[in-house]
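Undergrad: Protein chains in written order, with our numbering: chain E, 1 to 109; chain L, 1 to 115.
Do not rely on the hints blindly, as some may be mistaken.
Here are the simulated lysine-lysine pairs, BS3-like style, with alpha carbons at most 25 Å apart [unchecked claim]:
#: 1; chain 1: L; residue 1: K27; chain 2: L; residue 2: K51
#: 2; chain 1: E; residue 1: K15; chain 2: E; residue 2: K65
#: 3; chain 1: L; residue 1: K44; chain 2: E; residue 2: K65
#: 4; chain 1: E; residue 1: K101; chain 2: E; residue 2: K65
#: 5; chain 1: L; residue 1: K27; chain 2: L; residue 2: K62
#: 6; chain 1: E; residue 1: K9; chain 2: E; residue 2: K65
#: 7; chain 1: E; residue 1: K22; chain 2: L; residue 2: K44
#: 8; chain 1: L; residue 1: K62; chain 2: L; residue 2: K44
#: 9; chain 1: E; residue 1: K9; chain 2: L; residue 2: K44
#: 10; chain 1: L; residue 1: K27; chain 2: E; residue 2: K101
#: 11; chain 1: L; residue 1: K62; chain 2: E; residue 2: K101
#: 12; chain 1: L; residue 1: K62; chain 2: L; residue 2: K51
#: 13; chain 1: E; residue 1: K22; chain 2: E; residue 2: K73
#: 14; chain 1: E; residue 1: K73; chain 2: E; residue 2: K57
#: 15; chain 1: E; residue 1: K9; chain 2: E; residue 2: K57
What the hints contain is simulated information worked out from the structure, not anything from laboratory work.
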Amino acid sequence: AQRVTQPEKLLSVFKGAPVELKCNYSYSGSPELFWYVQYSRQRLQLLLRHISRESIKGFTADLNKGETSFHLKKPFAQEEDSAMYYCALLGGGADGLTFGKGTHLIIQP
Amino acid sequence: NAGVMQNPRHLVRRRGQEARLRCSPMKGHSHVYWYRQLPEEGLKFMVYLQKENIIDESGMPKERFSAEFPKEGPSILRIQQVVRGDSAAYFCASSPGTGRPGELFFGEGSRLTVL
Numbered sequence: 001a002q003r004v005t006q007p008e009k010l011l012s013v014f015k016g017a018p019v020e021l022k023c024n025y026s027y028s029g030s031p032e033l034f035w036y037v038q039y040s041r042q043r044l045q046l047l048l049r050h051i052s053r054e055s056i057k058g059f060t061a062d063l064n065k066g067e068t069s070f071h072l073k074k075p076f077a078q079e080e081d082s083a084m085y086y087c088a089l090l091g092g093g094a095d096g097l098t099f100g101k102g103t104h105l106i107i108q109p
Numbered sequence: 001n002a003g004v005m006q007n008p009r010h011l012v013r014r015r016g017q018e019a020r021l022r023c024s025p026m027k028g029h030s031h032v033y034w035y036r037q038l039p040e041e042g043l044k045f046m047v048y049l050q051k052e053n054i055i056d057e058s059g060m061p062k063e064r065f066s067a068e069f070p071k072e073g074p075s076i077l078r079i080q081q082v083v084r085g086d087s088a089a090y091f092c093a094s095s096p097g098t099g100r101p102g103e104l105f106f107g108e109g110s111r112l113t114v115l
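Between the sequences and the hints, there should be enough to build the whole structure, so can you do that?
TA: Written out as structure tokens, the structure reads:
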């Protein structure tokens, strides 16, 4: 069975500080990992995908198969980064994404 | 492009009644997904549909829940004889079915409250 774990329900950091949102997954095959974000009063939307190896809004995430992790990082947090962040896994077979429970990121001024 | 549209946004039902949630995918999208979010929980996959076909319903409860995506009109998630435990936010997402797997476009959700 596939599973996504986000151990932190809430993460609070000061503006300008580095941010790391943790995500670990469990999947026997070769997964595709994603980060989705939901800003206040907005819809859930895709932030980035590991396959693209891109940096979006200063965020990056590296897939570490040895540690089965896909942590989301940003070197300098900004107030507009405050949001709910969900890690998600796309496994084989079912085409639905498996989501973690989410981490509420609060950036303090 | 109006995005994924869900209605109603809020629905209140008494135990034993039926709830119908509707989802119109983005224009050009033929794949629809339903997710449920219980309080303090993440999004749980329920069902994946294409037009007139259920592709994967592995996340759907075996009883009382059904989903359809007809040739014409929105996708419908139907919950019969609702119970208090069905109270949740139900999210619909769509994708074009080509290009980028895993890139879903979400609606704003329908919040069901069962009294």
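Undergrad: Hint by hint, say whether it matches the structure.
TA: Structure-based check of all given hints:
Under the criterion of a C-alpha separation no larger than 25 Å, the hint pairing L/K27 with L/K51 is consistent with the structure, at around 13 Å. Restraint check for E/K15 and E/K65: the C-alpha separation of about 31 Å exceeds 25 Å, so the hint is violated. A threshold of 25 Å between alpha carbons decides the hint, and for L/K44 with E/K65 the separation of about 24 Å falls inside it, so the pair holds. Of the pairs offered as hints, the one joining E/K101 and E/K65 holds, with about 21 Å between alpha carbons and a cut-off of 25 Å not exceeded.
With a C-alpha separation of about 31 Å, the suggested pairing of L/K27 with L/K62 is violated against the 25 Å cut-off. Of the pairs offered as hints, the one joining E/K9 and E/K65 holds, with about 23 Å between alpha carbons and a cut-off of 25 Å not exceeded. This hinted pair checks out: E/K22 and L/K44 have alpha carbons roughly 19 Å apart, not beyond 25 Å. For the suggested pair L/K62 and L/K44, the alpha carbons sit about 15 Å apart, so the restraint of at most 25 Å is met.
About 17 Å separates the Cα atoms of E/K9 and L/K44, which keeps this hinted pair within 25 Å; it holds. Between the alpha carbons of L/K27 and E/K101 the distance comes to roughly 29 Å, so the proposed pair goes past 25 Å and is violated. Between the alpha carbons of L/K62 and E/K101 the distance comes to roughly 23 Å, so the proposed pair stays at or under 25 Å and holds. For the proposed pair L/K62 and L/K51, the alpha carbon gap of about 22 Å is at most 25 Å, so the pair holds.
Pair hint E/K22 plus E/K73 holds up; C-alpha atoms about 9 Å apart against a cutoff of 25 Å. Annotation: proposed proximity of E/K73 to E/K57 holds, straight-line Cα distance about 11 Å (limit 25 Å). With a CA separation close to 22 Å, the supplied pair E/K9 and E/K57 stays within the 25 Å bound.
The earlier numbered hints that this structure contradicts are 2, 5 and 10.
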